[in-house]
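Asker: Spelled out, the chains give:
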Amino acid sequence: MKHAFLAAIVLAACCHPLGAADTAVDLPAEIRQWFRNPDGSCVQCSIGMLGVDQNEPAAATLLWDTQHGQRVRGGSGPSRVARYCQERDIAVYNVTGRTTWEWMRWATRNGRGAAIGAGRRHFQTLMGHDDDTGTWYVCNNNTPSRIDAYSDAAFRRLHLASGQWVVILDRPPHPTRPEYHQWW
Amino acid sequence: MRHAFFPMMLIMLVASVATALPLEVDSGEVLRLGDMVQHVDGKIHGDTAEDAAIEALKPPADDNDKWFISVITTRSCAGCIKLKQDWSSDPWLLALANPEDSKQSWSHYTVYDAADRSQSWRWKNIKIVSYPTILVQPPRNEKYGKSSTVVYQGTYGGDPRQLAADISNAIKQYVGKLNTGYTNQDVAPPWTPAPKEDRLLPFRPNDNGGRLIPPLVPDEVAIEVSFPWKAILTLLAGGFSIPAIIGIVIWLLYTIRAGRKEAEKPLLLNDDVFNRLIDILERFDGNPDEQPRTPQPKRNTRR
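So the sequences go chain by chain: A and B. Using the numbering used here, read the first sequence as starting at 1 and increasing by one per residue. Using the numbering used here, read the second sequence as starting at 185 and increasing by one per residue.
Just so you know, the hints here were simulated from the structure itself, not pulled from any lab data. Do not rely on the hints blindly, as some may be mistaken.
Unchecked claim - Residues of chain B placed beyond 12 Å of chain A at every Cβ, according to the derived structure:
#: 1; residue: E239
#: 2; residue: V359
#: 3; residue: K361
#: 4; residue: F458
Unchecked claim - Among the chain B residues that face chain A by a calculated CB cut under 10 Å, a handful are:
#: 5; residue: Y293
#: 6; residue: W305
#: 7; residue: G329
#: 8; residue: T333
C-beta atoms are modelled at their ideal positions from N, C-alpha and C, and glycine is treated no differently.
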């Protein structure tokens, strides 16, 4: 028992903690906190995070009254999302059904996130996917300061629990945070 | 009326056929490549700078193969407005990025507002000196090294063709260097950027009152002696040692004398005698290499 405990401590110390910068959506925790679910607006919170990530202000400001439109609060389904995206001129892929897995893989592989059904009647933000380990990274707008890691099987259960629906912004992904490397 | 109908129909038919024709020349790629000569001789090639440039500037096979062009702007900035206008109409710039059609665009093109706090954290690792700033970075697939690498950073002088040429040339140079063994290692920027903001430290009054002129005179200076840690450690680690004992004695003498001075009690020895006593103690074992026994003055303080 004692050895197992020590081994667990050593393992925990060795594991590389996932930083937001390692995922397709690389928003710092400070920004993610802006999208803490205030009143059952999980779909708008999830899309809002993508709006910041892909620099789409009309999507980023969904939760508040701004020049981009009046705030959108409360629960949503695909038709409501389609309506307010149309009104605010936000280009999205609003995907339901069996192909959501492929869409989520496509989005994360190309540096985008996705607002996804995750958990019972809940929407969260898919932050990234590690092809090597099969790990999916998800930010829950009820606990936005952390990023949860799911195995393929666990993620499958999570996504199916809410019904297969994902929203992906039809915008270019953000660049990696630029740095100077002396190549010249 | 009937005679006018047929020519109109003919014109419409020709126009619809023309628009339906497939793109026969990718003029965007021609513009991106600029002045270049590639020698294709049927042999195995692909290792020259020209080959690398053509490979990098060809139409991307996938979203993941697209380069990134970011434009950072400010409000009411004439250059920023002109650049955005030029980028939506000039063929040289459109060959690099199509702001209106991201799917047809050769690169991922995004315009950022420097004042937007939801985006400003992205630029914390680079130095932006003026607006608009144009940044070019390699694709996310890391085929051309780290996608965080700044391949081009510049501003806009009002000549779209020049800007497009500068960007293309930077990409050509970059991929040419990669081909010649460039290693993508982290290095400092080529200059020392000014600090973003001064670090605010709590105000601490200066020990000498901030006075530089006139300088402190000797009787205004008292010596504070640091605690003889080294001597004590020597005793603990190596057992009895005369130099260490002497070091501790000297520290005790300084401490007692300072305490009596502070309490304004009469001193047992005047300064001359005290200093001679310290000298004698310091010379006692005659080994100047022994460090622990001599307490070092910590700082000069005004009393």
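Asker: State for each hint whether it applies.
Answerer: Consistency of the hints with the structure:
1. E239: E239 (chain B) is indeed farther than 12 Å from all Cβ atoms of chain A, at 17 Å.
2. V359: Nearest chain A Cβ is 10 Å from V359 (chain B), so the label is violated.
3. K361: violated, 5 Å
4. F458: Its Cβ never comes within 12 Å of chain A, the nearest being 56 Å, so this holds.
5. Y293: holds, 7 Å
6. W305: Status holds, d = 6 Å.
7. G329: holds, 8 Å
8. T333: Check passed: Cβ of T333 (chain B) comes within 5 Å of chain A, closer than 10 Å.
Checked against the numbered hints listed earlier, the structure breaks hints 2 and 3; every other hint is satisfied.
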